[in-house]
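In order, the protein sequence lines correspond to chains L and Y.
So for the first sequence, the working numbering puts the first residue at 1; every next one is plus one.
So for the second sequence, the working numbering puts the first residue at 1; every next one is plus one.
Each hint should be verified, as a subset may be incorrect.
[Unchecked claim] Here are a few chain L residues that face chain Y, going by a calculated C-beta distance under 8 Å:
1. G20
2. V65
3. E68
4. P226
5. R251
6. H259
7. Q659
8. Y942
If you're looking for bench data, these hints aren't it; they were derived computationally from the structure.
Please read these numbers as outputs of a predicted model, since none were measured by experiment.
From the three backbone atoms N, C-alpha and C, an ideal C-beta is built for every residue, glycine too.
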Amino acid sequence: MDLRWPLLRQLTGGDRTGRGPAAKSARTEAWRARTATADRVVKSVCPYCAVGCAQKVYVREEKVVQIEGDPDSPISRGRLCPKGAASLQLTTDSGRRHQALYRPPGAADWQPIDLATAMDMIADRIIETRRETWQWEQGGLRTARTMGIASLGGATLDNEENYLIKKLLTALGVVQVENQARVCHSSTVVGLGTSFGRGGATTFMQDLQHSDCVVIQGSNFAEAHPVGFQWVMEAKARGAVIIHVDPRFTRTSALADLHVPIRAGSDVAFLGAIISHVLENELYFHEYVLNYTNAATILREDYRDAEDLDGLFSGFDPGCREYDQESWQYEGMTTVAASGSRDTEYRRVAGTDPPGRTEVHGATGAPLDGRARRDETLRHPRCVLQVLRRHYARYTPEMVERVCGVPRRLFAEVCRHLTENSGPDKTAEFVYAVGWTQHSDGSQFIRAASILQLLLGNIGRPGGGIQALRGHASIQGSSDIPTLFNLLPGYIPMPHAHEHERMRDFLLADAPHKGFWANMPAFLISLLKAWWGESAQPDNDYRFGWLPRLTGSHSTYDTVLAQLAGECKGYLLLGENPAVGSANARMQRLGMANLDWLVVRDLNLIESATWWKDGPEIETGELRTADIRTEVFFLPAACHTEKSGSFTNTNRLLQWRHQAVEPAGDARSDLWFMYHLGRIIREKLAGSDDPMDRPVLDLTWDYPVHGETAEPSGEAVLAEINGWDAHGRPLSGYDELKADGSTACGCWIYCGVYKDGVNQAARRKPASEQDWIAAEWGWAWPANRRVLYNRASARPDGSPWSERKRLVWWDAEAGVWTGHDVPDFELGKSPGYRPHPDAQGEAALSGIDPFIMQADGKGWLYAPSGVVDGPLPTHYEPQDSPVANPLYGQQRNPARKVYEHADNRYQPSGDEPGASVYPYVVTTYRLTEHFTAGGMSRFTPYLSELQPEMFCEVSPALAAERGLVHGDWATIVTARNAIEARVLVTDRMPSLHLDGRVLHQIGLPFHFGPNGLARGDAANELSAISLDPNSHIQEVKALSADIRPGRRPRGPALPELVRSYQRRAGVGAGTGMEA
Amino acid sequence: MAFDLDERLDESRRVGFFTDTSICIGCKACEVACKEWNHVPDDGLEFTGWSYDNTVKLSADTWRHVAFVEQRKPLGHQEPGVGEMDFRWLMASDVCKHCTHAACLDVCPTGSLFRTEFGTVVVQPDVCNGCGYCVPACPFGVIGKRESDGVAAKCTLCYDRLGAGEEPACAKTCPTDSIQFGDLDELRERAERRLEQVRAAGTTSARLYGHDPGDGVGGTGAFFLLLDEPEVYGLPPDPVVTTRDLPSMWRHVAVAAVALLAGMAATAWRRRG
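With these hints in hand, go ahead and build the complete structure from the sequences.
Here's what the structure looks like:
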C-alpha cells in the first residue's frame, strides 16, 4: 500500500492520533546526522586557547561538515567552549580570505596578486633589505646579522612552523624574531624557571580534581579557559574550596566559594602577607621546607634587603637602573650568573646586561656552582627562612587592606583555607594567567606564588602545584621552540656579541659543572648539526659563528621603536595582530607606517593588515594613505583543519593534528610559507660567494613536499626536532645526545617525541582505557612527565607523605623510583644517596633533591640569581598608578624598562602633581566569547553576536561620580590615547576602600578593534610600553585613566583631547621615567 | 491536556535535558554548538546591556539561550566580596521544554510539528506552512517564525543526532556538564539527588522546574535546577498548556451545536405545523 499519505499512515499504523510517526515527512524520514554520513573523521585539536581540547573533524566530499569535541580526550572529555564550538564557522564560513593581496606604496586600495609572484617579491624584499642593512659588526664586535627585518607571530602556529621560522630567519641573520609568548607569558618562564628549574606549569589540568583548595588569582579561569575549568568543578564537587582573587566578580567568581576583590597590580602585597602569615604562625610544612627548599641556605653578609633600603636591594646602580647581583648570592657558593656574566667590556659597549637571559633557564633552571652553607635549625639570622621572614614582616593584614583594598576578614579567610588545606594529607593549587604576568614586575608575581607554594609544601604533589594558564594553542610550544629573540630551541640562550665569540666562551659562561646544564654542549652541538648538517664540523666550531649575535634587547617592543627610527624596514606578521593586541596600539601602527614592506599572514583582514587605509590615524588625520610608503602583502593562511602539525598545550603536552582537507585558493600553511620562502631565497642566492649568504646556502632545507601545493611534510620537521644519531636512527630521549657531532636534534627537550620513528604526539589512547595520568595521550616534555618535581610527593625517605596524596615513591626492594607518573628523578638514585664533594652534573644532587634542574636541587624561596629586579618579590606600584606605594618609599620597580618617546608618555602617580587627572585604575581582560586581538572571533558571526561591541565595566558608585549612564557611551583617556566604549554599570565591579579613600576600577575587554563584525576601540590604545626587566612583558593589567560620559571626539579633536589631559597633568618627557 | 492524544507517550523511551544551573559558567558554548549543528543563523549583533546576555531570548534563530541575572542576594555560603552587600550572578541555559502536553503540537494544523519516537517535539520545516499558530500557543515563548523563510523553528533536541545514537550538540559541548542529556526517568532521579546536595550546601532557594508530571504542561522533557524563582530567569512560574481548555470548549461547542440544531429542528417542525 502506498503510505505516502499521512492520513493513510494514521489510519493503518499505530499512530491513530497522527501526531507521531504518521506525521513524519519523507524528508524527516531521510534526515540523518551528518556525523553519521561523513566520509571520514579526522583527529584534531582546537586552535584557540592552550587547554588543548581534542576535536573530531568530520569530512564529506572533501569539505569539513562538522567539528566537535573528542570524548576520548583525558583533558577535555569531548567538550568545547563557544570558541571551540564555533571553529566550524571559523574555518569554513567566516570572513576568511582566500586571495593574496598587494598594496603598492601610496596606493589607496588592495589589488589581487598571484601567490607565486607575491612569494617572489617577498623573497626579493628580504634579500634586498638584508643586504642593505647587513651588519658584520657593531662597535668592533662581530654581530653577523640584519636589524632591518623583524617577525612577529608563532603562538597560534604549529611547533614545526615555529621551528622553520626560527631556523630560516636565524640563518638569514634576523634576530628580531618574536611572538605572542613575549606578550603573554614570558614572565612565567622567569618566575617558575628560577623557583623550580623549569619555566612551565608544574602540573596538568586533570590533576586539579585532586586539589583540596584551588586559589585562582590573576586568571579568569571559567571565562578564558572554560573547558579546563571543568576540573575545578570536579574538585568542588569533591569538597574543595574554590577561591577567586580578582578585581572583578566574574563568571569564575560566580562559581567560587569565596571572591576576594583586589586592586589590580597589588598581588605581591597580598601574597607577601600570606607568606608572612605562614611564617609568623609557623604554619609552613617544616619537613618539606627544610629538605626540599633553600630555606636553610645562608646568605652573604653584604646582602641588604628591601627592608633595609626602603624598597631597594643591595647593588642597585641608579645610573643604568640595574642591580649588581653579587651580594645576593649564597655564602660560600660561586654563582654562574643566570642573567649573564658581568662583563665590563660588554656593559661599556651595550650599556646594559645581556637582556632576556633570565628566560633562558626556562627549561632547566639557573646554574650554580660550589657548596652553600646551611643551618638545619633554620635559626641563623642570614639563612633564607629568616631573611624571608624579615622581608615580609611589614606585609601585614592591615597593609593588605591599605594596599590591596581587601578587608581583613576576607584576607583571614584566604589564609585559613589555604593553610588548612595544605600539609601531608592535603594539597592546594594556585592557578594564574596574564593577570599576573603582564606587569612591570610580572615575574615577581609568579615568584611570590612559588615561594608560598614551597612553604606550604604543595609543589610536585597531586592536587598541588602552580597552574599557568596560557592562552594560545601553542604558546608553550612557541617558547620551547622559540620564535623569541633571546632563545634558541630548548631554552639555549642566543649568543651575545663579544662575550660569545667562540662556542667555548659561550659554554663556559652558561654551562656549569653541576645541574643539568652540564649537558649543554651536547644540546647545542646537536642543534647546530640539525641546522647545518655536514657543514657543521668540530674544526669550524660546528658553525657556532653563523648564529647572529645580540647586542641588547631586541624584543617586539624594541622593534617598534626601531621601526619608528627607520632602522627596521621589513616586518613579517604571522598570525598576530599588534595593531590591537600589543601595548600602545597606536605606536604599533605608526611603526608599521614607517616600514618599507610588511607581510601579513592571517585568516582575515585584521587591523594590522588594513591600518594604512582605515586605521584610527587615518580618521584623525595623523596619517594620509597616499603618504604611507609601506608596501603591504596579505597572504591568506591555512587554518588548523587544513594542515598537519603539533600544538604544545599549557601543560607541555604535544598533540598532533592531522590534516582534514586541503586549503582553498591561496590559503597556505606557515610551514609552506617558510619552506618555500627559504627555497626561493636559496635559489636566488645560489652561486653567491658572499660570506653572509653561506649560512643560508648551507642550511639543511630539503624537506619532502607533497600534493598540488607542494606542502612540506610536518612529520619530517618533527623528526628533525626529535633528532637522529649518526646512522639516521631517531633518538628516543635527550640522554642520547652527544657533544661530538654524531647526533642532530632540533630541540633537545622535545627529543623522544619521535621515538622509534613513531609520532608520539599523535597517540590517542582513549582516556577511558587509561588511568587519570593518561600517559599515552600525546607526549609531554620532559620525558612524558605530567607532574613536575614529583620526587617531592614522597618524604625524604621515599615513602608517600600520605596515602591520599600518593604519586611517586621509592620501591626499596626493586631499588627504583616508581608510581603513577614518570618519576622526575634518576630512577635508581636512592633517597639515601649523598654526592661526593667533587661530583658533577646530576650526580652532584642528593637523594633528597627533588628540583633536579636546579644546581642545588632545591626549590628557591630566595633567588640568589636569575631574577634581575630582586631576589625576593617586593610590592611596587604599576608604572601608572593613582596610589602612592604604602609599603616603601620606592614607588615603582626601579629596574623596570621604560621607553621615552613622544607617543609613549607615562603619567604621574600616587602623590605626584597631576596624578589626580588620571584617578582610576584600569584593568584589561578577555571574554569567553572572543579571542585575543579578535582575528579568530570578531569575524565569526556566532561569536560576534554573543559580545557584539566594545564595552567598559564600572561600579554604580563610579557611574554616579562621573555621570555615566548604563548602556550609553563613555570615553576613557590616558596619556597615550582615548577610546570610547558602551557602559555596563554593575555590582560586579566593586569599588575598593583603601588607605582612607574609595578607589574605583574600570574593566576593559581588550579584544575589540575597528574591523570584523564585533567592533569597537581597542583597549590597547590606552596602554603604554613599560616592561618587566626580566622578560620584557608589557604592563597592561594595571594602569590609570580618566573616564567621562559620552563618545570620544572624531578627527583631529581626538589627539587634542589626549594632549589637553597631558597638559593638565603636566605630562612630559621625564614623567614617570625616574628609577 | 487538550485531547489526551499523547496519553500513550511512552515515558520509558523518553529522553530529555536536565540543565543544572548551579554549575553553569555562562560560556554560551551551548548556543554556539546548537547553531553550528543545526545551521541556525546568527540572531543579530546588538549590545543590550543586560549583563552578558546579548541574545536576549529564545527565538527561531536562538534555540539555546543563556540568561545572566545579577542579584543583590546571597548564594548559599558563597562569600561574594562585593562590598558589604549580598551578591550573586546566576546563569542558566534555557531551551525548548519538549512538554508532555505540547500546545504547539496541538495547534499545528499541518502536521509539521510531531512527537518523535524519543518523546520530543520537532518542527518539520518542509511541512510547515508558516501559519504561526504554534508561536502564541507555547506557554514558554520558545518557538518563533524565522523572518527569512517564514517557517517556525525551535530546538529539535538534535533529532538527527539522536537517530545516530549521539547526544544533542549543546549537551555534548557543555564544559561543566551543566546541560545533561539522557533518559528522562534517570535524569529526574539525578536531579532530585543534585537538588538535595545544592540545598544542603546552603542554597535553600534551589528548586527543580519542569520535572513534575503534575504541572500545567504535564512535566517537561527539558527541566531545570534553578537557584531562584522561575520568573527571575524569564520562565513562567506556573506554565499551563494553552490548549488546556480546548476539550471543554469543544464540549460547549457541541452542546451549543446540539442546542442550535434542536432549536432549528423545533422551529422547522413548528413552522410545518
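Satisfaction of the E68 (chain L) interface hint, Cβ to chain Y closer than 8 Å: holds (6 Å)
Hint status (Cβ of Y942 (chain L) to nearest Cβ of chain Y, threshold 8 Å): holds (5 Å)
Satisfaction of the Q659 (chain L) interface hint, Cβ to chain Y closer than 8 Å: Violated - the Cβ of Q659 (chain L) stays beyond 8 Å from chain Y, reaching only about 21 Å at its closest.
Interface restraint verdict for V65 (chain L) against chain Y (beta-carbon cut-off 8 Å): Since the shortest Cβ distance to chain Y is 10 Å, the answer is violated.
Cut-off 8 Å, beta-carbon criterion: hint that P226 (chain L) touches chain Y: Because about 4 Å separates P226 (chain L) from the closest Cβ in chain Y, which is inside the 8 Å limit, the hint holds.
Interface hint for R251 (chain L), Cβ within 8 Å of any Cβ on chain Y: R251 (chain L) check passes; min Cβ-Cβ to chain Y is 5 Å, inside 8 Å.
Interface restraint verdict for H259 (chain L) against chain Y (beta-carbon cut-off 8 Å): holds (4 Å)
Given hint G20 (chain L) near chain Y, where the shortest CB pair must fall under 8 Å: Interface hint status for G20 (chain L): holds (5 Å vs cutoff 8 Å).
The earlier numbered hints that this structure contradicts are 2 and 7.
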